[in-house]
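Student: Residue-level listing of the chains:
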Amino acid sequence: MDTNNLLVCYPGQRLSLCDKVYNSGQGTYERQGYIYSNLAGLVDVVEKDGIKIIEVHSPGVQTIVPAQGDIVTAQVSIITQQFCKCYIKCIGDKVLSRHFRAILRREDIRATEKDKIDIYRSFRPGDIILARVLPITEAHTYQLSTAENELGVVIAHSEHGHPMVPISWTEMQCTKTYAKEPRKVAKVIPESVHEDFIVRLAGNVSEN
Amino acid sequence: MPIDHKRINPPEDAVPYKLFTKLNTKSSQEQYQQILDKNQIRKDGRHASEHRKIYMKTGVIAHAKGSAYIEQGQTKIVASVFDPREIPNRLDYCLKGEVYCDFKFAPFSCPKRRLHQQDSQEKEYSSIMKKALEAAICRHEFPNFQVDVYVLVLHNAGSALSAAITAAGAALASAGIPMFDIITSSTLAIQGKDVLLDPDFEEETLSEIAIEKEHGIIVISVLATHDQISHFHQVGNLPLNVVSDSIDILHKSCKEIVPLVQKCVIRSVLAGISET
Amino acid sequence: MAESFRVLHPIKYYRDYIASNVRPDGRGLHKFRPVLVNIGSIQTADGSALAKVGDTTVICGIKAELCTPKPECAREGFLIPNVELPPLCSPKFRPGPPSDEAQVASQLLANIVKNSKCINLQELCLFPEKLAWCLFADIICISYDGSLMDACIIALMAALKSVQLPVVDYDPAADSRLVNEEEKKSLNIKSVPICSTFSIFDEKVVLYDPTDEEESLCSSTFNIVVREDQLSSVHKPGGAPISDEKLFECIKVSKERASTICKLIETAIHENNT
Numbered sequence: 001m002d003t004n005n006l007l008v009c010y011p012g013q014r015l016s017l018c019d020k021v022y023n024s025g026q027g028t029y030e031r032q033g034y035i036y037s038n039l040a041g042l043v044d045v046v047e048k049d050g051i052k053i054i055e056v057h058s059p060g061v062q063t064i065v066p067a068q069g070d071i072v073t074a075q076v077s078i079i080t081q082q083f084c085k086c087y088i089k090c091i092g093d094k095v096l097s098r099h100f101r102a103i104l105r106r107e108d109i110r111a112t113e114k115d116k117i118d119i120y121r122s123f124r125p126g127d128i129i130l131a132r133v134l135p136i137t138e139a140h141t142y143q144l145s146t147a148e149n150e151l152g153v154v155i156a157h158s159e160h161g162h163p164m165v166p167i168s169w170t171e172m173q174c175t176k177t178y179a180k181e182p183r184k185v186a187k188v189i190p191e192s193v194h195e196d197f198i199v200r201l202a203g204n205v206s207e208n
Numbered sequence: 001m002p003i004d005h006k007r008i009n010p011p012e013d014a015v016p017y018k019l020f021t022k023l024n025t026k027s028s029q030e031q032y033q034q035i036l037d038k039n040q041i042r043k044d045g046r047h048a049s050e051h052r053k054i055y056m057k058t059g060v061i062a063h064a065k066g067s068a069y070i071e072q073g074q075t076k077i078v079a080s081v082f083d084p085r086e087i088p089n090r091l092d093y094c095l096k097g098e099v100y101c102d103f104k105f106a107p108f109s110c111p112k113r114r115l116h117q118q119d120s121q122e123k124e125y126s127s128i129m130k131k132a133l134e135a136a137i138c139r140h141e142f143p144n145f146q147v148d149v150y151v152l153v154l155h156n157a158g159s160a161l162s163a164a165i166t167a168a169g170a171a172l173a174s175a176g177i178p179m180f181d182i183i184t185s186s187t188l189a190i191q192g193k194d195v196l197l198d199p200d201f202e203e204e205t206l207s208e209i210a211i212e213k214e215h216g217i218i219v220i221s222v223l224a225t226h227d228q229i230s231h232f233h234q235v236g237n238l239p240l241n242v243v244s245d246s247i248d249i250l251h252k253s254c255k256e257i258v259p260l261v262q263k264c265v266i267r268s269v270l271a272g273i274s275e276t
Numbered sequence: 001m002a003e004s005f006r007v008l009h010p011i012k013y014y015r016d017y018i019a020s021n022v023r024p025d026g027r028g029l030h031k032f033r034p035v036l037v038n039i040g041s042i043q044t045a046d047g048s049a050l051a052k053v054g055d056t057t058v059i060c061g062i063k064a065e066l067c068t069p070k071p072e073c074a075r076e077g078f079l080i081p082n083v084e085l086p087p088l089c090s091p092k093f094r095p096g097p098p099s100d101e102a103q104v105a106s107q108l109l110a111n112i113v114k115n116s117k118c119i120n121l122q123e124l125c126l127f128p129e130k131l132a133w134c135l136f137a138d139i140i141c142i143s144y145d146g147s148l149m150d151a152c153i154i155a156l157m158a159a160l161k162s163v164q165l166p167v168v169d170y171d172p173a174a175d176s177r178l179v180n181e182e183e184k185k186s187l188n189i190k191s192v193p194i195c196s197t198f199s200i201f202d203e204k205v206v207l208y209d210p211t212d213e214e215e216s217l218c219s220s221t222f223n224i225v226v227r228e229d230q231l232s233s234v235h236k237p238g239g240a241p242i243s244d245e246k247l248f249e250c251i252k253v254s255k256e257r258a259s260t261i262c263k264l265i266e267t268a269i270h271e272n273n274t
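Residue numbers (the UniProt record's numbering), protein chains in the order written: chain A, 1 to 208; chain B, 1 to 276; chain C, 1 to 274.
Treat the hints with care, since some could be wrong.
Calculated from the model, a selection of chain A residues having no Cβ within reach of chain C, i.e. all distances over 12 Å [as the list claims (entries may be wrong)]:
hint : residue
1    : LEU15
2    : LEU17
3    : ASN23
4    : LEU42
5    : VAL45
6    : VAL46
7    : ASP49
8    : GLN82
9    : ALA111
10   : ILE117
11   : LEU134
12   : GLU148
13   : GLU159
14   : CYS174
15   : LYS176
Below, a list of computed lysine to aspartate or glutamate pairs in the DMTMM-like style, where the Cα atoms sit at most 20 Å apart [to be verified]:
hint : chain 1 : residue 1 : chain 2 : residue 2
16   : B       : LYS22     : C       : ASP171
17   : B       : LYS26     : C       : GLU181
18   : C       : LYS130    : C       : GLU76
19   : A       : LYS94     : B       : GLU141
20   : B       : LYS26     : C       : GLU182
21   : B       : LYS6      : C       : GLU101
22   : A       : LYS89     : C       : GLU213
23   : B       : LYS18     : C       : GLU182
24   : A       : LYS176    : C       : GLU203
25   : C       : LYS130    : B       : GLU12
26   : B       : LYS18     : C       : GLU181
27   : A       : LYS176    : C       : ASP16
28   : A       : LYS94     : C       : GLU3
29   : B       : LYS96     : A       : GLU30
30   : A       : LYS94     : B       : GLU86
31   : B       : LYS18     : C       : ASP171
32   : A       : LYS176    : C       : ASP202
33   : C       : LYS12     : C       : GLU203
34   : C       : LYS70     : B       : GLU12
35   : A       : LYS94     : B       : GLU275
36   : B       : LYS18     : C       : ASP169
37   : C       : LYS114    : C       : GLU228
38   : B       : LYS57     : C       : ASP55
I should point out that these hints are in silico values taken from the structure, not numbers from a laboratory. Because the structure is a prediction, the values reported are computed rather than measured. Note that the Cβ used here is the ideal one computed from N, Cα and C, for glycine as well.
All chains should be built: construct the whole structure from the sequences, respecting the hints.
Tutor: Laid out in C-alpha cells, this is it:
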C-alpha cells in the first residue's frame, strides 16, 4: 500500500470544523464546533447526500463487541439440560482476539417442536456453530439463537475425534467410522457465497 | 511473614549488603546540598528545569493489543493493554466501561529488593493511574466492558509514575482504544527554593523528607489538545502559590512530551498498515 | 477468511501448513527463531540480562543479599531462581498468585541450575555457618510466545555471568561485616546449560522452538538441556510418545544450537565489558 497519500491521525487531533457539510462519524467526536479523532488510525471521508462524514479507522484487528442481530460464530463449551454455554469467536467475518461468553437456551435451538428439543441431540462440546445474537436482557451474558435454517452446527467432530459431514438437517456422519450422530445442522452454504450470505442475513435484520 | 508456597523461598534472614558498606555518615541535609550546585546544575549535568531525554517504542509485546516501552533517563518501563473483556463477577449493567490498572515494580528495579506481592505503594500508584487514564479514555464507547492496563517498572530511576502514565497512554492509543486525547505526565520535586523537574531516584527520595519547611513532590497528567489536567497528585508540605507556579511548569513540560508520543503513535499506525 | 479459519479450526489450519513443510509464521519445521541477548541494562541489579527468542522476551535481574547458611549445608550459599509470568506478557495470564505454568517453570529452572552445577554454591559462602550470599534471580517474562524455558535459561546464565559482587570482610569474633563496594569480583561460572524446546504435532511431526500457539495445539512439548556438548537433562512430561531416532536427532540439534548460543552470550559479555 502507498503510505504517502494516507491521512494518519492520533487521538485528540483536530480534524475539521463541524458544520452542515462535515459531520462526525465513527472514531471521532465533536467538541465546541470541531471534529476530533479519538483513535490512532487512518482518516476516511465518506460522502453521502452531500454530507461528508469523517471517520477514523485503526489498522489491524478492530475492537468490536457483539450487538443484537449479529451473526456470530461460536464454540460450544458446556451443555446442560436447559442451556449450553458457548464462546463467541467471530462476529460476521471479523475475528475476535478475545472471546465472549454466551448462552444458548434450549427453546432457542430450533423454531419448530420446541418442547421436544434435547440439547445433547443438537450440540456437543467443541462444536462450532453459527448463531444470531438475541436482544440483551441480562447484563453480561449474550443470548444466542439458532432457530433459522442457516444457523446451527457447521464444524463438528465425532466421538472418536474425526471430522463429520452433514447428511441431513438433523444428522451428521463421521468421515472415518461412518457413525451417525444427531446435530442441529446449519444449511450448508458453499464457501464462495459465504460473504453474500452474511450480507443477506444482515439485510434480513434491517427488514425485520 | 507467611511462607509463599507458590515460589521458591529464600532464607528468612537475608539482608541487603548495602547496610554494611562503609557507613554513610552524611546527613540527608548534606546529601541534599550536593544535588544542586550554585548554577542550578544537577549531578548528571542537567539544569534544574531540564527534563531527561525520552525514548519510546510501541508494539514490544507480541500478544498484547497495544504495548509501549519507555526509557526516561535510566527509568525503564513497559506497559501493555488488552482487548476489552467482560467484567468478572458483576451483575449490574454499567453504562461506562471500566479501566483496570496494575502497576508493579520488578523485584530488582529499586535499590532495595521489592517483594513479588503488590505492596501499598504499588496499589496507590495503580489507583492514581486508573484515575488519570479514565479521564482520557472514551469509556462510553465500551459499556459493560473492562480494559486492562498493566505496567511493569524494570528500572526505577525516579519519576516512575509519570513515565508509566505516558507509556500507558501510548499503549492505549496503539491498541486502538478510543481516547479523547493523548495523555502525558510529568513530575516535579521541591525542597525549599529548589525546584527540580523530572527528579531522579535520589532527588525524589530526598524531596519527600522535610529538610526545609517547604518540600514535596507533584505529579500531574495533561490532555494537551484541550488544555485539561486529568489528574493531580501531591505529597509533602507546600504553600498554595508554590503549587500553582509548579503546575504551570509541569503543564509546559507535559506539552513538550506530546509531539514525541504523537510520533510514536503514528509510527505504530504505519507499522500496522504495512503489516496488512 | 484465513484468519477466521485459524481461530475456528486451528488444528486443521496447522495441519494444512505442516503438510507442505512450513509453519504459519514462515519457518520451516526444523528452524529455530533468532536469539538476542543484552547484558547489564538494569543498574539497580547486581547482574542483569535480557534474552529474546523470537517474540518471547525475558528479563532476568539478580540482586545479592547477605544471610546465614542453612544448618544442614553450612558451607553453601543460595541461588533462588523465580520465574514470573505477569498478566502483562500475554492475555493467557491473570493477576494474582503465580500460575501453575510459572510454578512449574521456576521449579524446572531450579532443578536445571542444581543438576548442571553451573555455579558452585560453596563459593557463595563467606564464612561457614555464619555468612553467605543469597542471590535472588528474578526472571520476568515481558512478552510470551512459547519456548519459555529457552529464553529463561539464556537470561539467567547471561545475568549470572554479569554479576559483580562486592568484597566482604567478616570478623567472626565480633560478628561484624564490612562490605567494600569499591572492590568487586565476578562469579565463577563453571558451565552454561542451554535449553531447547520441541513440540510433537499430531503424534509424529516434531516442531523445533514452538510458538505459544503451536505449544497449545501440540500433543506434547519437551525440553532438552545440553551443557558443553553433554546431555544434561530431558524433560518430557507425558503426552504423545516419540521414537528413539527422533529424540536422538533433537539432542544432536540441541548440542549444535547450544554452542552457538554460548558464543552469543560470550560476545554479549565481551561487548558489555568494553
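Student: All hints, please: hold or fail.
Tutor: Comparing the hints with the structure gives:
1. LEU15: holds, 30 Å
2. LEU17: Holds, because the least Cβ-Cβ distance between A/LEU17 and chain C comes to about 38 Å, which exceeds 12 Å.
3. ASN23: A/ASN23 clear of chain C: closest Cβ-Cβ about 32 Å, beyond 12 Å.
4. LEU42: A/LEU42 is indeed farther than 12 Å from all Cβ atoms of chain C, at 20 Å.
5. VAL45: Its Cβ never comes within 12 Å of chain C, the nearest being 28 Å, so this holds.
6. VAL46: holds, 25 Å
7. ASP49: holds, 33 Å
8. GLN82: Holds: least Cβ distance 26 Å, greater than 12 Å.
9. ALA111: holds, 25 Å
10. ILE117: holds, 25 Å
11. LEU134: Given that every Cβ of chain C is farther than 12 Å from that of A/LEU134, nearest at about 22 Å, it holds.
12. GLU148: holds, 20 Å
13. GLU159: The assertion about A/GLU159 holds, with a minimum of 17 Å to chain C.
14. CYS174: holds, 16 Å
15. LYS176: Its Cβ never comes within 12 Å of chain C, the nearest being 15 Å, so this holds.
16. B/LYS22 <-> C/ASP171: It holds: about 15 Å lies between the C-alpha atoms, which stays within 20 Å.
17. B/LYS26 <-> C/GLU181: holds, 17 Å
18. C/LYS130 <-> C/GLU76: holds, 10 Å
19. A/LYS94 <-> B/GLU141: holds, 19 Å
20. B/LYS26 <-> C/GLU182: holds, 18 Å
21. B/LYS6 <-> C/GLU101: The given pair, whose Cα atoms are some 11 Å apart, holds under the 20 Å limit.
22. A/LYS89 <-> C/GLU213: Cα-Cα ~16 Å, so holds.
23. B/LYS18 <-> C/GLU182: holds, 12 Å
24. A/LYS176 <-> C/GLU203: holds, 18 Å
25. C/LYS130 <-> B/GLU12: holds, 14 Å
26. B/LYS18 <-> C/GLU181: Given that 20 Å is the threshold and the Cα spacing comes to 9 Å, the pair holds.
27. A/LYS176 <-> C/ASP16: Roughly 19 Å between the alpha carbons, so the hint for A/LYS176 and C/ASP16 holds.
28. A/LYS94 <-> C/GLU3: holds, 9 Å
29. B/LYS96 <-> A/GLU30: Roughly 19 Å between the alpha carbons, so the hint for B/LYS96 and A/GLU30 holds.
30. A/LYS94 <-> B/GLU86: At roughly 19 Å apart (the allowed maximum being 20 Å), B/GLU86 and A/LYS94 satisfy the hint.
31. B/LYS18 <-> C/ASP171: holds, 17 Å
32. A/LYS176 <-> C/ASP202: Given pair A/LYS176, C/ASP202 holds - Cα atoms ~17 Å apart, limit 20 Å.
33. C/LYS12 <-> C/GLU203: Holds. C/LYS12 to C/GLU203 sits at ~14 Å (cutoff 20 Å).
34. C/LYS70 <-> B/GLU12: Holds. C/LYS70 to B/GLU12 sits at ~10 Å (cutoff 20 Å).
35. A/LYS94 <-> B/GLU275: holds, 17 Å
36. B/LYS18 <-> C/ASP169: holds, 13 Å
37. C/LYS114 <-> C/GLU228: Holds, because 16 Å separates the two Cα atoms, which is no more than 20 Å.
38. B/LYS57 <-> C/ASP55: holds, 15 Å
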